[in-house]
Amino acid sequence: MVLLRWTDPFERTALSELNRLQEEMNMLFDRFFGRRSLLSGAGVFPAVNVAEDDDNLYITAEMPGIDPSDIDLTVEEDSVVIKGERKLEEEGDDISYHRREREGGSFSRTITLPTRIVADKATAKVKDGVLTLTLPKAEEAKPKKIEIKVG
Amino acid sequence: MDSKQLQAKDKQELQTKSETTQTRPVFVPAVDIYENNDALVLLADMPGVSNDGVEIHLEDNELTIRGRVSEEASGLSPIYTEYRSGDYYRSFTLSNVIDQDKIEASMKNGVLKVVLPKAEAAKPRKIQVKAA
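So the protein lines, in turn, are chains B and E.
The numbering of the first sequence is the working numbering, which starts it at 1 and goes up by one.
The numbering of the second sequence is the working numbering, which starts it at 152 and goes up by one.
If you're looking for bench data, these hints aren't it; they were derived computationally from the structure.
The C-beta atom is built at its ideal place from N, Cα and C for all residues, glycine as well.
You can trust all of the hints, since none of them are fake.
Ranges of calculated distance between the beta carbons of each label pair, as one might list FRET restraints:
#1 B/Gly105 to E/Ala256: 23 to 33 angstroms
#2 E/Lys253 to B/Arg100: 16 to 26 angstroms
#3 B/Asp94 to E/Ala272: 18 to 28 angstroms
#4 E/Tyr231 to B/Arg100: 23 to 33 angstroms
#5 B/Lys83 to E/Arg175: 27 to 37 angstroms
#6 B/Leu3 to E/Gln163: 50 to 60 angstroms
#7 E/Gln279 to B/Asp72: 54 to 64 angstroms
#8 B/Asp67 to E/Ala282: 52 to 62 angstroms
Calculated pairs, SDA-like style, for lysine to any residue (alpha carbon to alpha carbon, straight line, at most 25 angstroms):
#9 B/Lys127 to E/Pro176
#10 E/Lys269 to B/Glu101
#11 B/Lys125 to E/Lys162
#12 B/Lys83 to E/Tyr231
#13 B/Lys83 to E/Met258
#14 E/Lys269 to B/His98
#15 E/Lys269 to E/Ile249
#16 E/Lys155 to B/Val126
#17 B/Lys144 to B/Asp120
#18 B/Lys87 to E/Val220
#19 B/Lys127 to B/Ile111
#20 E/Lys160 to B/Glu90
#21 B/Lys142 to B/Tyr58
#22 B/Lys137 to B/Ala122
#23 B/Lys83 to B/Lys137
#24 E/Lys269 to E/Asn212
#25 B/Lys127 to B/Asp70
#26 E/Lys264 to E/Ala159
#27 B/Lys127 to E/Ala256
#28 B/Lys125 to E/Glu222
#29 E/Lys269 to E/Ile184
#30 E/Lys160 to B/Thr132
Sequences are here, hints too, so could you generate the full structure?
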């Protein structure tokens with residue numbers, strides 16, 4: 001014989017309604033306290049993304065219109081400083097602006113790294129206005145596989 | 152020298168009624184538009200877009216710029232994310248008469264520069280007042 005749990009149809013709709021409400025509340029909280037809003041709330045240029053694989057940490061930042069020679073990077077074991085200046089081209093006197101949304105100015109940002117890295121082996125490149133930093137993880141920070149011995 | 156501190160700004164997502172076929176987000180790039188005697192110049196911040204990824208379209212005085220970011224190799228696990236990458240789209244209605252054959256565009260460090268030369272008829276000219 002197959003045993004089935006008896007469900008009251010009314011109870012079921014009430015429950016799913018409750019679930020939906022809970023999901024909506026979660027979404028609301030995520031929007032206020034989510035990690036995204038926490039970080040971008042810092043408001044410091046440039047906004048960065050940090051990612052990892054087994055061997056490296058990768059930091060990317062969108063820095064359009066900044067010449068690579070105007071970016072100054074300092075890498076330590078547990079932090080990275082991105083400094084520089086965004087210079088907007090001088091366009092001469094004889095012009096009038098229709099729109100001016102782009103901004104120039106100096107910036108300096110410190111990023112604390114989640115793991116230790118080998119600072120000497122860090123590399124950086126800029127392509128199409130996107131800075132990518134590749135930071136090799138320190139040996140002790142790399143994930144390790146543990147063999148299971150058959151006893 | 153500009154010594155103002157730069158602020159990080161959230162990218163503005165494009166609001167349209169029609170949906171795109173791709174699930175990638177589409178952003179509105181920040182632009183500068185200025186005019187001199189000979190041309191209208193547009194600068195747009197489109198980080199991640201290469202030379203090949205830009206499309207510029209001018210039809211009936213409507214200028215459309217579109218930038219596609221090159222696909223990135225994934226396989227990385229994100230630790231934290233402050234910005235999203237996606238394509239760029241923006242269109243403008245031009246009031247000046249543009250010489251459509253002479254439009255030039257270039258990408259440098261993720262900034263698109265479009266030079267739209269004015270047609271001869273639209274260039275400013277001084278009008279001499281003749282003595283009667």
